[in-house]
Amino acid sequence: MEKLMTLEELEQIANERRAAKEKSPRALNVCVAAGCLSLHSDAIKSALEKEVQRTGANCRVAGTGCLGLCSQGPLVSGEPDGCLLKNVAESDAAEIVARLDSAMPERLLCSREQPFFQRQTVIVLENSGRIDPEKIDEYIAADGYQALVHALTEMTPAQIVQEVSRSGRRGGGGAGYPTGLKWGTVAKTIGTTKYVICNADEGDPGAFMDRSVLESDPHRVLEGMIIAGYAVGASQGYIYVRAEYPLAIKRLQTAIREARRLGFLGSQICSAKFSFDVEIRIGGGAFVCGEETALIASIEGRRGTPRPRPPFPSQSGLWELPTLINNVESFANVPTILRRGSEWYASLGTKKSKGTKVFALCGKVRNVGLIEVPMGTPLRQIIFEIGGGVPEGHRFKAVQTGGPSGGCIPEQFLDLPVDYESLKEVGSIMGSGGMIVMDDSACMVNVARYFMEFCMSESCGKCIPCRAGTAQMFELLTRMTSGTATPHDLELLEDLCDMVSNTSLCGLGQSAPNPVLSTLRYFREEYTEHIVDKHCRAGVCECSKLAEVSA
Amino acid sequence: MNPVPAVKTLVIDGTDVSASSDQTILDAAQENGISIPTLCHLDGLTEVGACRMCLVELKGSTKLQPACVTLVEEGMEVTTQTPRLQKYRRMVLELLFAERNHVCSVCVANNMCGLQDQAKSHGVTHVRFPYRSPALPVDVSHERFALDHNRCILCTRCVRVCNEIEGAHTWDLLGRGVNSLLISDLHEPWGESDTCTSCGKCVQVCPTGALFDKSKVGGKERKNPDFLSYLNDMREGLR
Chain B
0 MEKLMTLEEL EQIANERRAA KEKSPRALNV CVAAGCLSLH SDAIKSALEK EVQRTGANCR
60 VAGTGCLGLC SQGPLVSGEP DGCLLKNVAE SDAAEIVARL DSAMPERLLC SREQPFFQRQ
120 TVIVLENSGR IDPEKIDEYI AADGYQALVH ALTEMTPAQI VQEVSRSGRR GGGGAGYPTG
180 LKWGTVAKTI GTTKYVICNA DEGDPGAFMD RSVLESDPHR VLEGMIIAGY AVGASQGYIY
240 VRAEYPLAIK RLQTAIREAR RLGFLGSQIC SAKFSFDVEI RIGGGAFVCG EETALIASIE
300 GRRGTPRPRP PFPSQSGLWE LPTLINNVES FANVPTILRR GSEWYASLGT KKSKGTKVFA
360 LCGKVRNVGL IEVPMGTPLR QIIFEIGGGV PEGHRFKAVQ TGGPSGGCIP EQFLDLPVDY
420 ESLKEVGSIM GSGGMIVMDD SACMVNVARY FMEFCMSESC GKCIPCRAGT AQMFELLTRM
480 TSGTATPHDL ELLEDLCDMV SNTSLCGLGQ SAPNPVLSTL RYFREEYTEH IVDKHCRAGV
540 CECSKLAEVS A
Chain E
0 MNPVPAVKTL VIDGTDVSAS SDQTILDAAQ ENGISIPTLC HLDGLTEVGA CRMCLVELKG
60 STKLQPACVT LVEEGMEVTT QTPRLQKYRR MVLELLFAER NHVCSVCVAN NMCGLQDQAK
120 SHGVTHVRFP YRSPALPVDV SHERFALDHN RCILCTRCVR VCNEIEGAHT WDLLGRGVNS
180 LLISDLHEPW GESDTCTSCG KCVQVCPTGA LFDKSKVGGK ERKNPDFLSY LNDMREGLR
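Those sequence lines, one after another, are chains B and E.
Numbering-wise (numbering that gives the first Met the number 0), the first sequence opens with residue 0 and increments by one.
Numbering-wise (numbering that gives the first Met the number 0), the second sequence opens with residue 0 and increments by one.
Since the hints were derived computationally from the structure, they do not count as laboratory data.
All values reported here derive from a predicted model rather than from experimental measurement.
A couple of the hints might just be wrong.
Stated by the list, open to error - Here are the computed lysine-lysine pairs in the DSS-like style, where the Cα-Cα straight-line distance is at most 30 angstroms: (1) E:62 to B:423; (2) B:350 to E:62; (3) E:119 to E:62.
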């Protein structure tokens, strides 16, 4: 096929796709992202296909990305009326196909009017569940690659950097570093060979935003990377995905192949003096490789351990050359920022945190799933309206954000608008977007111990404070949960929190004490109960059982 | 081509010093007789900034910086000894003593050990943290040398000297976190290593009794890493 050149040609592909859809407007889209797939949605898809073939019904059956409300999966959405079916089973196939023209069975209907869907503002997830992630023309029909063609034919790299800067978009790291500033630094660094890296080594417990985006809309991430390559002057990109995400890897491979076929990757893209290609690098299961310098070491084929910064990757990154490294969500925002304008993007969110944020809402909450809300949305709205609150019979206790680098936020801060600064103020971080809701059945000492165990086993072992310090903190927390701790142990624990956070080499160690610090700040009485009274109010720790026996 | 290094002036512990812009705070301090404690650093090897003993305070920054990798800057004000830094350094040492089985009295490097020296100078009289007492093996398969994992502090000096100076890359690390382990080749006994040239550099640079000469008994393993500066000068044509 001839390589794509202009917006007109892009429009033609989009129109062809749209025309094909109009010809046969009725469709059933089965979610085949990992959540529903784990409930065998692929079998449901083939059952529907068979049924359509058998009855000769005029209806397409397609796979699609994540529809968001994972706890009600497997989900199927219908076209053109947009109805949503929940908890679909293989055995429902005949009934669904038979009732294509009438109302769907009540038990399967899932209202799109509920706050879970109504309260969201989608940018990154705009195509999620709406397009087939394995078909590039579906992405193009949804205005995909328009931003790229526009950028390459009508914008200078400096203008793109300026647009991204003006959007106010910030990264997923602890500090929320401005994306545009990073782009500008790499663009200005002198060098003929530069790299663009997409960090998809998502590893926080309870976080699955990146996975879902890659599985549901991989071209969006690719488009963002190609635009970034043009803006900073790089000709090679790498996507570092963890091996635990086989489906995301497969969809990315398909997307890269398709993008090469249409000339969005390769040499002289859209006739511009710009060549760019993307390769996938698969992570071997080390959490620390999400740290940018460790990730770079891993791509270079070395042991994945961080190194001291500076120099920062923007000056000396992959193979000591200037490197732009952003996460999946940042790249996924870029096409929309360019298409709709930085002004529009910056109109969303708060003063210092712009745009939207994708959260993986999970834990003790009715609606578990993937959501996207404007920055500044209050926690209460996210958890109680979108999330539907904690299941009956229990009380909300805390919400954990930011994974092992974050902290637990108690009830008194539920009206807090979620942005980088406010989360930091209460002792947590935005991070990549994991949000674990906990109710009164959770013991906060045990939660802290869980995260410390995670940090201990994921510490690379290079620097002493993180390697030996997390092991000591885990041991001290274990004494508390098992009822053998003394008040002196708490003192030691606090000392270690201070030391490890101030002396560790990389972000993993520097933030490892956060879950302990935040639970100590808001739930100190639970620590005292464990140590002095040997009592766990949630009844999950061993110390309670010991006390019962001796009493 | 690297730009010609410029001269920078800075203050370390109240003393005005000048240094070349490609020098680290540690270089500048050592040149001026100011001692900053180190464990993983060794003149002649690449820096890893891992032991965190050399962390210093910089005026205007709340973040502590490792002196071994932080380049000097004009007008920098460095403090190398504060109660806070000393507390952290003591804790690093305590964490090391609690991490593995460091029994000085029966160690070949007793009284000649980098870890022990630091502990002495930092007044570490006892360890507050629970001893982890891991069960670790000793590799005596090599004809002349032995590796005792119980005394290893994972500073990777041996890994670096073997890779960077001898060019053999016999040593590397296995696993991660507290389970990291120094291994030869692909985790084979040292004596069966195909790459080891038995040059003994690793033994000389090891700050503790982890790598030692089998012919030495308790308290007799005197390490001499001074050959490194000579070899480096040779390599760069300075001698």
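Hints, one by one, checked against the model:
1. E:62 to B:423: Given pair residue 62 of chain E, residue 423 of chain B holds - Cα atoms ~17 angstroms apart, limit 30 angstroms.
2. B:350 to E:62: holds, 27 angstroms
3. E:119 to E:62: Given that 30 angstroms is the threshold and the Cα spacing comes to 27 angstroms, the pair holds.
The structure fails none of the hints (numbered hints given earlier).
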